[in-house]
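From the two separate chains plus the hints, produce the assembled complex.
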Amino acid sequence: MVMPFNADEVFEMAEQIERNGGKFYRAAAKKFPAMSKVLLGLAAMEDEHLETFENMREELSGTELEDTVFDPDGQAQMYLRVMADGNVFDLKADPVKQLGTRNTPEDVLKMAIGVERDSIAFYVGLKEAVSRKAGKDKVEDIIKEEMGHIVALNKILQDLT
Amino acid sequence: MNVTFNAFEVFEIAEQIERNGTNFYIRAAELFDDPDICQMFLRLAEWEKEHELTFARMKQQLPEQSLQASTSEADDLLPDPRIMAGLAVFGIRSEPAEVLRGRQEKTDIIRRAVEKEKDSIVFYHGLKEFVPAGADKDKIDDIIKEEMRHIVILDQSLKQNE
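Residue numbers (the working numbering), protein chains in the order written: chain A, 1 to 161; chain B, 1001 to 1162.
Be careful, since some hints might not be right.
[Said to hold, decoys possible] In silico EDC-like links for lysine to aspartate or glutamate, alpha-carbon gap of 16 Å or less:
1) A:Lys155 - A:Asp90
2) B:Lys1128 - A:Asp141
3) A:Lys144 - A:Glu9
4) B:Lys1049 - B:Glu1146
5) A:Lys133 - A:Glu48
6) B:Lys1059 - B:Asp1138
7) A:Lys138 - A:Glu58
8) B:Lys1059 - B:Glu1009
9) B:Lys1106 - B:Asp1033
10) A:Lys136 - B:Asp1141
11) A:Lys127 - A:Glu9
12) B:Lys1159 - A:Asp90
13) A:Lys31 - A:Glu145
14) B:Lys1159 - B:Asp1036
15) A:Lys136 - A:Glu54
16) A:Lys127 - B:Asp1138
17) B:Lys1128 - A:Asp85
18) B:Lys1159 - A:Glu48
19) A:Lys144 - B:Glu1115
20) A:Lys31 - A:Asp90
21) A:Lys138 - A:Glu54
22) B:Lys1106 - B:Asp1034
23) A:Lys127 - B:Asp1142
24) A:Lys127 - B:Asp1141
25) A:Lys110 - B:Glu1115
26) A:Lys127 - A:Glu106
27) A:Lys127 - A:Asp141
28) A:Lys133 - A:Glu59
29) B:Lys1128 - B:Glu1115
30) A:Lys92 - A:Glu12
[Unchecked claim] Computed spacing ranges between beta-carbons, pair by pair:
31) A:Asp94 - B:Glu1046: 37 to 45 Å
32) A:Lys136 - B:Glu1050: 44 to 52 Å
33) A:Asp137 - B:Phe1008: 37 to 45 Å
34) A:Ala44 - B:Asp1142: 31 to 39 Å
35) B:Glu1030 - A:Asn55: 21 to 29 Å
The set of hints was computed from the structure by calculation and includes no laboratory data. All C-beta atoms in this analysis are idealised placements derived from N, C-alpha and C, irrespective of residue type, glycine included.
Just chain B, same shape as in the assembly (with noise of 0.2 Å):
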């Protein structure tokens, strides 16, 4: 049996990759004493939580029947929800933080984070399927830019490092 998502689980998934993204960063900021990294850390932690706080209000405005799982088959135009069910993998991986338990490299921690970003991209660009064209699309598209632009501030960090 395919497993599916309905929009609501989707953007549910959305809020846990953003809560897992804000408890990596601050967990990250711990770790390094360098007051430039830890307020790299600390800003891409702020940013996470604000994309959080985002998608939840997304949450709450989704009309009622995007509690229903749809199928491709049902209604060409709603989005594949076995497409958001495969790409769940990258939001619902296990708690990053979890991860930076104990030493590890400057350079391989923030290396995580650009992986947990692609994640988020990936996810994200899925997601967009789920809202129609408008406002909250363009809101979803300003998240993907802001994670790209993590991307480019983090790899500036790792060439520092290194």
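This is chain A alone, in the form it adopts within the complex (with noise of 0.2 Å):
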């Protein structure tokens, strides 16, 4: 039996990525500096994906999952606890530290594009757990503006091979 979650936790998650990416994508831009304009724009707009995800979760603080999920047979619920389990998802892994490792700026874009894929492959999920009321629309709209940034990664990268 899969523990249920609660959106105090879900969305707790959430916030958790949106905070490294932006951290990430300062850290890079300092790195880079003649990328820094595009990867500042990223980072403001994982600051405003983790205002709205610190928005949906005030909204919704103290309401049990049974509330806000559409998850009858709890398929979603059992992802996200995969991923949170740190497994197949570091979500405490230091995104700057990560970085060090990366010298080139092909490197990094590269790393950034991972760093966005797994964002979505989380929403994806927790889209499928949360009911409309619980803001299911919000997070298609972060997942639609996590894709732009592959777009934005990919052309750079393209731009630079």
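See the structure below:
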């Protein structure tokens, strides 16, 4: 039996993803000043996402997941639990430390694309798990923006190579 | 110039992702002596094969205008094909079975499988924008849920083997 999440836990994880994202882009901008404008722009967007998730959490604070989910077979919750366990998606890893080993702009862009992909993989599960009342549409908007980040990063990568 | 994809091409990439997945899992099964892990990989390979057939059927049913690449400026109702071009990076990576040459740790192979599943989830979420609401969108949703379930299965295996 999978332990059900409450809204607090789920959105706290989403907030952590965005905090990590913002930290990562700021550190990358410092390391590669030539790309700083784009990277700082992405950091600012991650800050906005963080704020959205914080507001969503505040609105749902104390609400049991059963009031906020539409996940009748519990599959999305099992998936989120796996993501939360840290085995296949490590939220506790410091992205700035990971950046330390990336020495070229190409490496950093590839890492950034991986970071965005992991965020989307988590948010797709989050979207499945939450009800419309709990902000399903807002999660979808954030997914679309993260996809836009991948497009932007990929374009810079292509221009470099 | 921006690279764009039409719906037909996007479905072809989806089929390729599944073909790569099937090959990856068949190759992974060959590398393990443990019958439980072999069986898990072969089951995953079968599921990926079913997904490939689903995408192939969906591609066949696409209307003719899907062969033309659209631009978001031209029609805001259509998905932005540049988004899919960006996401295609997850679909058209090198043949994943190739990376399984030589001896590797069990857990490395399982972790690679998880990464491959994450790629699929992200690509298919974008792919959903290329089909109208209805049965086909639901089918893609079902496939996304199945890929999520694959990650749950792989994670259980990872825990047993660490």
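Hint by hint, where does the structure go against what was stated? Just the numbers, ascending.
When the structure is compared with the hints, numbers 1, 3, 5, 13, 17, 18, 19, 20, 26, 29, 32, 33 and 35 turn out to be violated.
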